[in-house]
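> Kindly produce the complete structure, drawing on both the sequences and the hints.
Protein chains in written order, with the working numbering: chain A, 54 to 242; chain B, 20 to 633.
Possibly wrong hints are sitting among the right ones.
[Said to hold, decoys possible] With a cut-off of at most 20 Å between alpha-carbon atoms, the simulated EDC-like pairs for lysine to aspartate or glutamate come out as follows:
1. Lys521/B <-> Asp616/B
2. Lys521/B <-> Asp508/B
3. Lys578/B <-> Asp141/B
4. Lys435/B <-> Asp215/A
5. Lys560/B <-> Asp576/B
6. Lys278/B <-> Asp306/B
7. Lys199/B <-> Glu154/B
8. Lys511/B <-> Asp616/B
9. Lys429/B <-> Asp162/A
10. Lys435/B <-> Asp214/A
11. Lys341/B <-> Asp310/B
12. Lys211/B <-> Asp214/A
In short, the hints are calculated from the structure, not lab data.
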Amino acid sequence: MHSKKAKFVSRNGRALLMLIVVVSACKREQRQFDPPPTTTNPAIVQSELQPGGAPQPQTSTKSPVEENANALSDGKRLFSLYNCTGCHANGGGAIGPALMDETWIYGSDPASIHSTIVEGRPNGMPSFRGKISDYQVWELSAYVRSLSGQLRKDVAPGRSDDMNVHRSEQRVERKTPQQSTIPKAAEQP
Amino acid sequence: MTGRNAPGFLLLIISLNLAFAACARRENSQPSGLPNRVQNQPTGAQQTGVETDDGQWTMPAKDYASTRFSSLDQINSSNVASLKLAWSFSTSVLRGHEAAPIVANNTMYVVTPYPNIVYALDLTQPGGPVKWKYESKPASASQGVACCDVINRGVVYADGKIFFNTLDDYTIGLDAASGKELWKTHVGDINKGETMTMAPLVVKDKVLIGNSGGEFGVRGWLTALDATSGKIAWRAYHTGPDADVLIGQNFHPFYTQDKGKDLGISSWPADAWRIGGGTTWGWISYDPDQDLIFYGTGNPGPWNPEQRPGDNKWTCGIFARKPENGEAVWYYQFSPHDLHDYDGVNEQILLDLPVNGQTRKVLVRPERNGYVYVLDRTNGQVLSANPYAYITSSKGVDLNSGQFLYNETKNPQAGKVIREICPAAPGAKDWQPSAFSPRTGLLYIPHQNLCMDMEGLEANYIAGTPYVGANVKMYAGPGGNRGEFLAWDPVKGEKVWAIQEKFPVWSGAVATAGDLVFYGTMDGWFKAVDAHSGQLVWQFKCGSGIIGQPISYRGPDGKQYVAVLAGVGGWSGAIVAAGLDPRDPTGALGFVNAMTDLPDATTKGGMLYVFALP
Chain A
54 MHSKKAKFVS
64 RNGRALLMLI
74 VVVSACKREQ
84 RQFDPPPTTT
94 NPAIVQSELQ
104 PGGAPQPQTS
114 TKSPVEENAN
124 ALSDGKRLFS
134 LYNCTGCHAN
144 GGGAIGPALM
154 DETWIYGSDP
164 ASIHSTIVEG
174 RPNGMPSFRG
184 KISDYQVWEL
194 SAYVRSLSGQ
204 LRKDVAPGRS
214 DDMNVHRSEQ
224 RVERKTPQQS
234 TIPKAAEQP
Chain B
20 MTGRNAPGFL
30 LLIISLNLAF
40 AACARRENSQ
50 PSGLPNRVQN
60 QPTGAQQTGV
70 ETDDGQWTMP
80 AKDYASTRFS
90 SLDQINSSNV
100 ASLKLAWSFS
110 TSVLRGHEAA
120 PIVANNTMYV
130 VTPYPNIVYA
140 LDLTQPGGPV
150 KWKYESKPAS
160 ASQGVACCDV
170 INRGVVYADG
180 KIFFNTLDDY
190 TIGLDAASGK
200 ELWKTHVGDI
210 NKGETMTMAP
220 LVVKDKVLIG
230 NSGGEFGVRG
240 WLTALDATSG
250 KIAWRAYHTG
260 PDADVLIGQN
270 FHPFYTQDKG
280 KDLGISSWPA
290 DAWRIGGGTT
300 WGWISYDPDQ
310 DLIFYGTGNP
320 GPWNPEQRPG
330 DNKWTCGIFA
340 RKPENGEAVW
350 YYQFSPHDLH
360 DYDGVNEQIL
370 LDLPVNGQTR
380 KVLVRPERNG
390 YVYVLDRTNG
400 QVLSANPYAY
410 ITSSKGVDLN
420 SGQFLYNETK
430 NPQAGKVIRE
440 ICPAAPGAKD
450 WQPSAFSPRT
460 GLLYIPHQNL
470 CMDMEGLEAN
480 YIAGTPYVGA
490 NVKMYAGPGG
500 NRGEFLAWDP
510 VKGEKVWAIQ
520 EKFPVWSGAV
530 ATAGDLVFYG
540 TMDGWFKAVD
550 AHSGQLVWQF
560 KCGSGIIGQP
570 ISYRGPDGKQ
580 YVAVLAGVGG
590 WSGAIVAAGL
600 DPRDPTGALG
610 FVNAMTDLPD
620 ATTKGGMLYV
630 FALP
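Below, the structure is given as structure tokens:
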């Protein structure tokens with residue numbers, strides 16, 4: 054059984070096939086209530102300094118999935134399937150930063166996180182452009198937000214299938230997002 | 020503290036009798052129990068272009084036998100109490116500093132973690148001012164594929180040149196005098212998850228280097244570059260067909276399980292060897308008499324063992340090779356079909372030891388799986404393997420067959436949490452190198468005391484992302500101390516004394532002819548202990564936790580100095596260096612669970628400290 058899996062994965066080298074299978078399977082099963090927005094690259098304001106006075110209204114692209122418990126549990130599954138866990142653990146961080154805390158380098162709103170996943174970020178966050186369907190990126194973004202209690206409790210995943218690692222996303226303490234004061238890049242010359 | 024105490028002295032006598040009869044004179048402490056290459060180094064001295072005198076420190080392990088022993092004895096137990104900070108230097112980098120400072124021709128060379136800046140500090144001037152600085156500017160994306168902090172284990176000096184590796188897979192040769200770049204060779208690919216963290220070793224005209232990325236499904240290798248041109252001379256892979264592994268007619272492993280054609284393919288599920296790990300991020304030793312290099316291979320990928328039935332050759336083992344062309348001469352696998360991330364990359368100290376009344380050429384290897392192995396370095400035979408830590412994951416090593424005896428109740432399984440696996444994934448000892456003193460005959464081993472709970476998960480291979488497949492939580496082993504610094508008698512195969520430390524001892528060690536041993540702790544104490552008794556004789560609180568490799572050298576003023584880099588981080592210190600969230604026990608591959616109190620004990624900051632007597 055397992056050897057067969059391993060064979061499959063390695064024969065295809067990049068497991069692309071597997072992704073395609075997953076992607077199409079999801080399309081079949083997805084329960085989509087709002088059509089996903091077409092823009093995947095919303096403008097992210099990274100500075101509080103905005104010359105000329107009146108701050109620009111932030112262009113916020115609405116997430117189509119944040120109120121959908123089904124999408125959220127899908128997001129949780131995708132978070133391991135796409136190896137986000139390998140770099141962010143179960144939200145506490147490893148190679149990449151913690152996603153369950155209040156500190157955000159690149160913004161905590163759904164659109165910013167969507168952009169983080171699609172574009173990548175300079176200090177080691179890979180760009181998943183073209184690798185993950187747009188709808189799944191929204192599911193992932195919503196799940197990422199649930200890690201720090203940003204979503205309604207009845208939407209966030211309530212249990213884990215695996216090792217009980219920390220409070221479920223439903224019971225996690227809500228953190229007030231804060232822009233990181235020291236960007237990682239400045240910390241390391 | 021004054022003089023030697025009685026038990027220490029007794030020990031010295033015993034060790035001298037057993038192993039090293041010629042070390043009696045304190046001032047002339049040529050390490051005569053070592054393989055004769057230390058005094059009579061056909062390469063070392065000539066090839067590195069430096070004085071035969073032992074006052075320098077040209078490679079992280081000090082010498083080819085990897086003793087980390089300094090024959091300087093000005094600082095000893097009678098005066099160490101007055102050891103003072105001579106000068107210090109900020110590296111301007113905040114991540115984990117694992118490198119050894121390198122000293123050659125009155126210059127000290129230090130490489131920082133990413134972004135891998137090399138500083139040359141002028142030891143002839145007060146305070147060691149910067150002579151030159153080289154910025155290697157690695158791709159910032161490489162930080163994303165470094166499994167366990169963005170560390171670097173040091174530069175090496177040879178023949179007027181400095182060699183080092185960058186996180187984004189370049190090996191660089193610099194002119195040691197000017198810092199001018201002589202060559203820069205691209206040897207790996209971050210998009211496959213390859214990085215480089217190890218310190219090269221120079222043997223004759225070859226610069227030996229290896230890759231990191233065992234948590235990314237990379238294919239491990241050791242590569243030799245021509246020291247003059249930087250061109251690749253040969254590359255030996257650690258998985259795949261014999262031709263790629265450089266296994267040919269002269270390959271004679273000692274045990275049957277390592278014999279056969281293309282085991283690097285047949286000991287894996289089809290094609291899994293292509294992403295099977297077996298990286299080289301640890302230490303290489305060299306025996307000029309036999310003209311052989313010895314080094315180990317890392318864990319197979321993914322961690323979840325159920326995805327890779329078979330012995331997974333040639334991961335978690337040790338190779339002896341010819342430096343000239345890389346051809347393999349023998350191999351031994353410490354942990355076949357690795358179950359617990361027990362990489363086989365630790366240091367091997369080359370010694371001549373009495374074994375059953377006969378002097379044997381051996382290598383001593385405090386292995387990650389918890390045993391100190393003594394191998395006959397001429398053929399790879401295991402002469403002994405004795406536990407130096409608390410072990411539940413195995414029952415020992417069968418000395419007849421060389422087989423590692425797993426305790427099956429601790430085998431990880433998918434979807435099931437197996438508890439109390441000891442040692443944990445970083446092993447009883449990770450990369451942090453031991454030191455050996457020919458004067459005491461003891462090996463000084465910095466290590467950790469950790470156990471783990473582990474659950475296998477299905478790992479999905481996507482190039483350039485982690486390929487692990489496990490949930491892990493680590494915690495202190497019996498006794499509650501997470502670290503230990505111990506003295507080991509390699510002849511008797513037993514512990515002589517041990518110092519319990521709160522945190523894993525993640526620093527290297529240096530032993531000196533002043534019969535002192537230095538090491539550092541993750542909460543920032545740099546310590547000197549009596550080499551015979553283990554008694555603490557001096558300590559200094561550094562600004563950040565210590566995970567670097569201490570060294571000792573003679574300055575241009577004729578004085579003995581001791582130097583170390585502080586700067587917490589590494590796998591164990593990632594919670595501080597990367598600011599991880601303590602609420603997720605699986606953070607940093609499960610290490611966070613064991614280190615939640617580290618942020619209260621230390622803060623980050625890379626700083627070099629140099630000590631001397633007033």
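> Hint by hint, say whether it matches the structure.
The hints, checked one at a time:
1. Lys521/B <-> Asp616/B: Distance ~10 Å between Lys521/B and Asp616/B Cα, so the pair holds.
2. Lys521/B <-> Asp508/B: violated (24 Å)
3. Lys578/B <-> Asp141/B: The given pair, whose Cα atoms are some 15 Å apart, holds under the 20 Å limit.
4. Lys435/B <-> Asp215/A: holds (8 Å)
5. Lys560/B <-> Asp576/B: violated (26 Å)
6. Lys278/B <-> Asp306/B: violated (24 Å)
7. Lys199/B <-> Glu154/B: Since the Cα atoms of Lys199/B and Glu154/B sit roughly 11 Å apart, the hinted pair holds (cutoff 20 Å).
8. Lys511/B <-> Asp616/B: violated (37 Å)
9. Lys429/B <-> Asp162/A: Distance of about 43 Å is beyond 20 Å: violated.
10. Lys435/B <-> Asp214/A: Given that 20 Å is the threshold and the Cα spacing comes to 10 Å, the pair holds.
11. Lys341/B <-> Asp310/B: holds (6 Å)
12. Lys211/B <-> Asp214/A: Violated. Lys211/B to Asp214/A sits at ~30 Å, over the 20 Å cutoff.
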